[in-house]
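The chain contents come next:
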Amino acid sequence: MSLIRLKPGKRMSQGVLLGNAIFLAGQVAEKTAGGPVGAQTAEVLGQIDALLAEAGSDKTKILMATIYLADISTFGEMNAEWDQWVVEGATPARATVEARLVAPEYKVEIVVVAVA
Amino acid sequence: MSLIRLKPGKRMSQGVLLGNAIFLAGQVAEKTAGGPVGAQTAEVLGQIDALLAEAGSDKTKILMATIYLADISTFGEMNAEWDQWVVEGATPARATVEARLVAPEYKVEIVVVAVA
Amino acid sequence: MSLIRLKPGKRMSQGVLLGNAIFLAGQVAEKTAGGPVGAQTAEVLGQIDALLAEAGSDKTKILMATIYLADISTFGEMNAEWDQWVVEGATPARATVEARLVAPEYKVEIVVVAVA
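Protein chains in written order, with our numbering: chain A, 2 to 117; chain B, 2 to 117; chain C, 2 to 117.
Any given hint could turn out to be false.
[To be verified] Here are the simulated EDC-like cross-link-like pairs (lysine to aspartate or glutamate), alpha carbons at most 20 Å apart as the crow flies: (1) B:LYS8 with A:GLU78; (2) C:LYS11 with B:ASP72; (3) A:LYS11 with C:ASP72; (4) B:LYS32 with B:GLU89; (5) C:LYS11 with B:ASP84; (6) A:LYS11 with C:GLU106; (7) A:LYS8 with C:GLU89; (8) B:LYS11 with A:ASP72; (9) C:LYS11 with B:ASP50; (10) A:LYS8 with C:GLU78; (11) B:LYS11 with A:GLU106; (12) A:LYS11 with C:GLU55; (13) B:LYS8 with A:ASP50; (14) A:LYS60 with A:ASP50; (15) A:LYS11 with C:GLU31; (16) B:LYS11 with A:ASP59; (17) C:LYS8 with B:GLU44; (18) C:LYS11 with B:GLU106; (19) B:LYS11 with A:GLU78; (20) C:LYS11 with B:GLU82; (21) C:LYS11 with B:GLU89; (22) B:LYS11 with A:ASP84; (23) A:LYS11 with C:GLU78; (24) B:LYS11 with A:GLU31.
Since the hints were made in silico from the structure, they are not lab data.
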C-alpha cells in the first residue's frame, strides 16, 4: 500500500496517509506564536482542520489526539477552545501532558491520528 | 469504515475503534489518585483491562504503550506493577518518559493502542 | 490478524507488527549512552534502521516519529543527524518535545510507527 504525504518537506511531512489512516505531524501555532495559549490552540485546531480536509477527513474522524502543553496550568484555557471545537458524540481519545516545546513561543502542540 | 466510541464524552472518548484497531485515551487513576505510583499504576492497568475487554481485546493484544510518569524516579515502582501485569511472550512495544500530568495527584498516565 | 513481535522481552517487545503496520518501542542509545546527543541520535537511528529491516520495512516507510529530547536546547544537534538520515520526498510526520528520559545518560529517545 503506497504512502501519500501532505506538505512533504526535507525534514518532515505535515501528514502521511496509509490507506485510510492519517498521521499528522505535531502542529504548533504560526501567526499566534508567542501569544496566549487559547489563541494558539484555536490556530492549531484550524491547521488540523485544514490538513484533515486535504486528506479527505475531518475532526469527527480523529482516533487519538496527544496534546503537549508547555505549562500544564494552561489546561483550562486550552480546553476552552478544544471543547467548542469537538463535536459531541464524535470526540476522539485524548491524552494531555506537559512538555517544553521546540521554541519558547510555542505553548501548545497537538498530534492527531485520524481516518479518511 | 465506521468508528465506534467507548464511553464517549463531550471532551473526549475513552476509546475509539476503527475496524480491529483500538485507541484508548490516556488513563489516570481515580480511586488511588494522590496515592503512591504503584497503586496508581495497578489501578490504571485495571482500567485498561476493562476498556480493552469492552472492545473485545485484552492486554496480550496491545501494540504500543506510552507511559508518562510525573517523576521519572518512580520508574522502578511503576515497573514492579507493569512486570507482573504483562504476559511473557505477548509484551507490547513501550516508551516511558517523564511529563507533568494534568493534576498533581496523578503520578502516572498510560496510553495504549491495541487490536481487537 | 496475528501479532508478530521483534525481540520480545519480559517487560516489552522492541517492535510489534500487525499486518503491515509496525510499532517500535522507544529507542535509546546503548553504546553512546552518556555521550553527546548527536552521537546518540545517530545510534538510535541506526537501531531503527535495523528493526525496520527485520520487519521488512525501511526509513522511507515511517508514518510518524515522536522524538523526546532530555534537553530541548539540543534540537539543532539532533536535527543535524536526522536531516541527513531522512530521504527527501519520503519524510515522515514528526513531533519533538522535551521530556526527561528513564536514565540521565539518555539524551534522546525516538518512537516510530511504520509500514512494511
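Status of each hint after checking the structure:
no.: 1; hint: B:LYS8 with A:GLU78; verdict: violated, 24 Å
no.: 2; hint: C:LYS11 with B:ASP72; verdict: violated, 23 Å
no.: 3; hint: A:LYS11 with C:ASP72; verdict: violated, 23 Å
no.: 4; hint: B:LYS32 with B:GLU89; verdict: violated, 28 Å
no.: 5; hint: C:LYS11 with B:ASP84; verdict: holds, 7 Å
no.: 6; hint: A:LYS11 with C:GLU106; verdict: violated, 30 Å
no.: 7; hint: A:LYS8 with C:GLU89; verdict: holds, 12 Å
no.: 8; hint: B:LYS11 with A:ASP72; verdict: violated, 23 Å
no.: 9; hint: C:LYS11 with B:ASP50; verdict: holds, 19 Å
no.: 10; hint: A:LYS8 with C:GLU78; verdict: violated, 24 Å
no.: 11; hint: B:LYS11 with A:GLU106; verdict: violated, 30 Å
no.: 12; hint: A:LYS11 with C:GLU55; verdict: violated, 26 Å
no.: 13; hint: B:LYS8 with A:ASP50; verdict: violated, 24 Å
no.: 14; hint: A:LYS60 with A:ASP50; verdict: holds, 6 Å
no.: 15; hint: A:LYS11 with C:GLU31; verdict: violated, 28 Å
no.: 16; hint: B:LYS11 with A:ASP59; verdict: holds, 17 Å
no.: 17; hint: C:LYS8 with B:GLU44; verdict: violated, 28 Å
no.: 18; hint: C:LYS11 with B:GLU106; verdict: violated, 30 Å
no.: 19; hint: B:LYS11 with A:GLU78; verdict: holds, 16 Å
no.: 20; hint: C:LYS11 with B:GLU82; verdict: holds, 13 Å
no.: 21; hint: C:LYS11 with B:GLU89; verdict: holds, 5 Å
no.: 22; hint: B:LYS11 with A:ASP84; verdict: holds, 7 Å
no.: 23; hint: A:LYS11 with C:GLU78; verdict: holds, 16 Å
no.: 24; hint: B:LYS11 with A:GLU31; verdict: violated, 28 Å
In the structure shown, a violation is registered for the earlier hints numbered 1, 2, 3, 4, 6, 8, 10, 11, 12, 13, 15, 17, 18 and 24, in ascending order.
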